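Q: In terms of numbering that gives the first Met the number 0, the numbers along the sequence shown are unbroken and rise by one, the last being 178.
Calculated from the structure, these hints are not laboratory results.
One or more hints might be untrue.
[Stated by the list, open to error] DSBU-like, lysine-lysine: derived pairs with alpha carbons at most 30 Å apart: (1) 50 - 139; (2) 107 - 77; (3) 81 - 107; (4) 107 - 57.
In this text, all values refer to a predicted model and were calculated from it rather than measured experimentally.
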Amino acid sequence: MTTSIHVTALDSVVNVNSLFTLAVFIGLTWNPYDSSNVLVDSGSSCWPNSKIAEDLIKFHVYSFSSFLFSSLVALAIKQALKISKSHTLNVHFSIRGTQIFEHVDVNKTLLRVGMMVSAAGSVAGCIFLMLALINVVQIKVGPLSCGSGHAYAAIVPLVILVPLALLIYVCVGFYAFTR
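Generate the whole structure from the sequences, applying the supplied hints.
A: Now the structure itself:
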């Protein structure tokens, strides 16, 4: 039962990371210098500089790397669980019919460390994706250094909700691993 819960959790990590990786790829295909795709007047003294566009690309790459790392660790753990399950399978019979009860000898410490490393990769990927989105907002509606109210209106919910969700994710994950 516990092993199937771990496998389900690992599947969920990989699925969510895949969605975020898709978002990163879509973000990387966008041209930040396309003047028809921004809301800032090109004659404005508050035009986003090239540093913001460079940071956008860097944070997308960091995010992609983190999500890929997390997914590969999760897939490796899942594969190790499946391999160990195929080598240690105990079959028990019951009165009402045949039931198969799986018994897997797994190093729980190693499993927990691997899952925490995978979760850390996902958290890092989310943070980098949030930073990339902050740069997208700055390119679209104006840099924060210019005091653009529209930029702050877009970024404030982002920097409140994403860290709050990550805090909940980390706390629930920590709680699950200490039980």
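Q: Now, for every hint given, state plainly whether the structure supports it.
A: Outcome of the hint check:
About 14 Å separates the Cα atoms of residue 50 and residue 139, which keeps this hinted pair within 30 Å; it holds. Taken as a hint, the residue 107 and residue 77 pair is honoured in the structure, with Cα atoms around 13 Å apart against an allowance of 30 Å. Note on residue 81 and residue 107: the hinted pairing holds, with a Cα-Cα distance of about 15 Å set against a maximum of 30 Å. For the given pair, residue 107 sits about 36 Å from residue 57 by alpha-carbon distance, which is inconsistent with the 30 Å threshold.
The structure does not agree with numbered hint 4 stated previously, though it agrees with all others.
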